[in-house]
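In order, the protein sequences belong to chains A and B. Heads up, the first sequence is in the working numbering, so the first residue is 785 and it goes up one at a time. Heads up, the second sequence is in the working numbering, so the first residue is 4 and it goes up one at a time.
There could be a bad hint or two in this list.
Taking lysine-lysine pairs in the PhoX-like style, the calculated list, with each CA pair at most 20 Å apart, reads [claimed, not checked]:
1) B/LYS13 / B/LYS213
2) A/LYS980 / B/LYS106
3) B/LYS110 / A/LYS980
Quick caveat, the hints were computed from the structure, so don't treat them as lab data.
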Amino acid sequence: MKSIQLDTQLQENRKGKSLLKKVLNTPPLLWGGMMFALLIGVAVFAPVISPYQPSHQNLFAILQPPSTKHWLGTDQLGRDLFTRVIYAARTDLSIMVLAEVIPFCTGVFLGMLAGYYGKWIDTLITLITDTLIAFPFYLIVIIVAFASGAGQKGIYITFILVGWIVYARVIKGLSASFRKQEWIAAAQTLGIPGVKIILRHLLPNVLPQAVVVLMTDMVGLLVAIVTLGYLGIGIAPPTPDWGTMISDGQSFIATAWWLSAVPGCAVVYTGIALSLVGDGLADIWRRK
Amino acid sequence: MMAPILEVEKLSLATRSKKKLVSNVSFTIGRGESMGLVGESGSGKSLTLRSIIGLLPPGIEQVSANIRCSGRCAMIFQDPIGALDPLCPVVGQLAEVVAYNQKVSRKASRKIAFELLDMLGLPASLKQKDRYPHQLSGGQCQRIVIAMALACKPDILLCDEPTTALDVTVQHQILEIITRLQKELGFAMVFVTHNLAIVSSMCSRLCVMKEGQIIERGDTLTLLQNPQNPYTQRLISSVLPVPDFERRPVL
């Protein structure tokens, strides 16, 4: 009996490090997070930061180089470039986040179904993902964007159609590997219904990986949004958007190179920030 | 013997490529009885156990089987930490199993879960603060796993080497608990192990398996003292004697 009491004392376990400490110990997450927070901050407070309106034209001051009055100069219609870049962050980032919601949910859910149940569900979902993945992504994007008319709608529709594939593939593999673990088998023998096992036990286990994929996938989506804008089938002017700005500035690349370079750098900056965040999150969850 | 609660008749398992893993295994267990299933690794004892509860790994099929089970089965696993959801607090998991098996409300299920914690000698501090499996020791996790099995109110408890992954001292505690609970609750038990010492203290009957077949069976003590099959003899003689006890007369 004595020996039993010995074991009943809970192990002295190391206190879970606070979230902040974890973040501080992961440089990629720290830097990526700060970069992304800055970006979000600038986008949210755009009207406060910038004295100009994004579509306010001043034809007396076109194609001006950076100065104290216009921090990044003006474009061919005399609009303040800095104002337009930070307003474009609003447009592009909000589309980026909104367009990921549905694909993320459906992809994770279908992936879990395929991985957990296997058999015909797996075959069916694999068949669909493999077929869709055979088409170049931009081909589908351009076709759908044309079919649905230019604007944000095309991006949303395309992404609902093909965006879930990445998640489904990753989560399917992950779920299938969890499926082989004993605790899923144990839960089944203990009479917990399959749907409950998926939602209450499998989902929390695959979610970290899904979020890491989300971060990298958002970068790809942002590039797609910008590409569509560049090709003139994305967001319609006068709404500021990095892609349209790059293509507008292209004609002046010899005299006013910053018109294209600044929005281009904004895309790269966002991409780096998100990739770092994804990397850092993956690091944290791996270490645990 | 009492009316059998579990009858396994001519159980044969094979892989898809027709490689035989278990052939013609039959046994019966009466209510409240405990039977040991011993044999070397790969002799098919775990597979036999798993096919009773329908947990065959993918790729293995029942070629023929007639399993009659007039009661509820629950299983205890070899690796207790692996048998718990790593991201779900243990009392929460236990309460969930209670809720589904005893059809009670969430609140009531927590109460029953607490009772089970007491029954298994788990620390009372778990009631205030739930813990994750990695925060508990192997022995504590195994207690939770046993509690989850008991929450199903089983008539038959299937034990798949429940102490192999544990420390020797903890092994003893877990076996004590299982014996005590069996006396209190009166479930039948199939105990898979390769530890003959455990079997001799836990089980009244014994089946020895080799290469997917039962090669010898009988009353535990008779079988251990007077093994007929050469394999059983080798199995018994392979148990390392404790040097100090060697000079004393055996039993």
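Going through the hints against the structure:
Annotation: proposed proximity of B/LYS13 to B/LYS213 holds, straight-line Cα distance about 16 Å (limit 20 Å). A threshold of 20 Å between alpha carbons decides the hint, and for A/LYS980 with B/LYS106 the separation of about 15 Å falls inside it, so the pair holds. Using a Cα cut-off of 20 Å, the hinted pair B/LYS110 and A/LYS980 holds, with the two alpha carbons roughly 18 Å apart.
In terms of the numbered hints stated before, the structure departs from none.
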